[in-house]
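J.: Here are the chains, one letter per residue:
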Amino acid sequence: MSRVQYKNIRKSFGDTEVVRDFSMTIEDGEFMVLLGESGCGKSTLLRILAGLETQTSGDIYIGERCVNGLDAKDRNLAMVFQSYALYPHMTVYENIAFALKMKKLPRTEIDEKVQWAAKMLKLDTLLDRKPKALSGGQRQRVAMGRAMVRTPEVFLFDEPLSNLDAKLRTEMRHEIKSLHRKLGTTTIYVTHDQVEAMTLADRIVIMNKGVISQVGTPEEVFHHPANLFVAQFIGSPAMNIFDGVLTRQAGNQWVIESGGSTLPLPPRFHAQATETLAVKVGIRPSDIHVLEGASHAEHLHPVDFKVEDQELLGAAINLTLHTGDVTLLAEAPGDMKFAPGTAQRAWLNLDALHVFDARTGETLSGRNTAAAA
Amino acid sequence: MTHETPKQGWLARLFNPPRGSAPYLFLMPYIVLFLVFGLFPLLFSIYLSFHIWNPIKGLDSMEYTGFENYVLAWGDPVLWKALYNTVWLAITSGLAQHLVAIPTACVLVALGSRLRHWLTSAYFLPYVTSTVAVSLVFFSMYSPNTGIINKLLIALSESDLFGWAFSWVPDVMPLRWLEDTFLVKPAVAFLVFWKYTGFNIVLYTTGLMTIPRDLYEAARVDGASAFRRFWHISLPLLRPFIFFAVTLTIIGNLQLFEEPFILTRGTGGVGHSAETISMYLFRIGWEYLDMGVASAISWMLFILIGILTAIHFKLFGRQGLGEH
Ligand SMILES: Nc1ncnc2c1ncn2[C@@H]1O[C@H](COP(=O)(O)OP(=O)(O)OP(=O)(O)O)[C@@H](O)[C@H]1O
Ligand SMILES: [Mg+2]
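The listed protein sequences derive, respectively, from chains A and B.
Numbering of the first sequence is given in the numbering used here, commencing with residue 1 and proceeding in unit increments.
Numbering of the second sequence is given in the numbering used here, commencing with residue 1001 and proceeding in unit increments.
Check each hint, because a few of them may be wrong.
In silico SDA-like links for lysine to any residue, alpha-carbon gap of 20 Å or less [claimed, not checked]:
#1 A:Lys-130 / B:Pro-1240
#2 A:Lys-101 / B:Phe-1230
#3 A:Lys-104 / B:Trp-1231
#4 A:Lys-103 / B:Ala-1226
#5 A:Lys-101 / B:Arg-1228
Derived by calculation from the structure, the hints in this document are not laboratory data.
Build the full structure now, drawing on both the sequences and the hints.
T.: Structure follows, in structure tokens:
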């Protein structure tokens, strides 16, 4: 178990720079999730740490030791590959035992550990099979077992669940989480599935084109996105974003004008409001209420919309609302009825309003930038 | 007028062939060639092996003898000598080919694609070069007084750096590579090794390229050194290719002819020391003009190849063909 540090890592393949000045510390025992779109350099960062790829510049520390130039086989990390990379000519048992055999552990000790991992992963009846004769989920568990028996300094997972169906994915997610609780090993987990990221992570790193967009706990990145990219990336259905202009009205009142309507600027942005500014305004579908119940609350701001479309999802309805030139998605309870073309009043939760500088994409609220540092 | 269709002439029939025969007509050139030059000699040689026949005296001289040709060949000590030589050459050059080709292929794959393409082409060159031309070049290299090999040995024995290791050279000079009964087999084996190793390298390189990269990466992360990655990953996954290449080597080496034939100038070496079965049956057929015995021997060789290949399949086939 060890703390991991990336220090000013850069990586180029030929002329394309894939990772740009990446610095991050993963604390001892922490479960860190790397989240980002396909091709943003997540695997590359893992492979650099594992020693399978050499960084163009920068330093990697595992514990107190700088491991630049140290061969992958001497780094004592365990990695679950995106492709599983099971040895096709070995049985499940031999696959799991391989790393221990390389360490020249005594046979009885190897057997003990393999049986332990097999029991934990419910592979005990499959130990004599070859990977070819396993289902996708079973293969994935073998890959996990291969890592588990290792007692490595760090676990590296590269989208280990991407090939599984939804049910197995949920199951494995829980197993990974409980494994981490039990072993407490520093873990770096790559995914582009935000549900995995939110449920597993102690902290999430959101990457965008080789640079860090935001680092924070799942709550932080969800409730206080540091920039437009994170705001749009996290959350499903995605956050509504619309254009607005930050303007000062009579009486030193700051408002956001957008598509003919006017929204009061929530108090937490007041310190940043100094001049007229083009902004992007964000609000999650779940923060737009169509029920009249709490309509008198201070932070709920009523707007009159026209219903454009509705989509029943079961427990909820995805409602497309329109006003001026703004179209928003709102979540309504599944038992309500809407008719397209009718007028509908909805209340925006101003406490959950996000305001970003349209030019830089950064949030106007100062405290989020502090969280990202 | 009758209702019968008018009788077609042979020309009309030729240009208006029956339905469904078109594919066979297109295949006709090949079928004819195969029947004349493939199937007929094959069957004829079975027939021949039960007859005495001197081809010079014409077909009338053919005489049925039953199994006598086989008995005759079986009782000839030279056959057994030739058999020994053939197997010796097959094993020595064959083993060396594979033991060198597999690690070389591994190195080539590690070198990256550009260098690999150049080097595999270079290694493959001997295989596509005329055996006769190559054998003639080796013949002159093995020459006792003017050959480059002996010259090199002498130069080494006279050099300051390596002289100590080659002090034995002046005592044994000139080495008669192709006349010495002890040296001629290694000399032939080396030529065969040189000529066919490149083919195996290409085969093994192709085989190695089919092994997914991430297996090596996983093994590295699992703490396996380069040698252990070779031993535990490359070698087992290369098994189907090894099986295929060894099968080809068995079949090819047991029919070895041109290389020893040219290196020994058709004599088979002093005391048949480098005569292979193919050379032996060639001699019986065209020097002694005894086609019957020659055919019998060729069928015995065929059966031998069949048996050895069958043993190879039996021993390694299941694993070799990648069935787990
Ligand atoms: N060996 C390589 N040579 C050239 N370019 C590469 C190489 N490996 C990766 N890249 C490029 O680097 C970028 C990042 O790749 P990486 O595999 O790290 O992405 P990722 O974030 O893991 O994506 P995914 O979610 O699809 O796995 C990609 O644009 C990819 O094309
Ligand atoms: Mg990846």
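J.: Please write out, lowest number first, the hints stated earlier that are contradicted by the structure.
T.: Failing hints: none at all.
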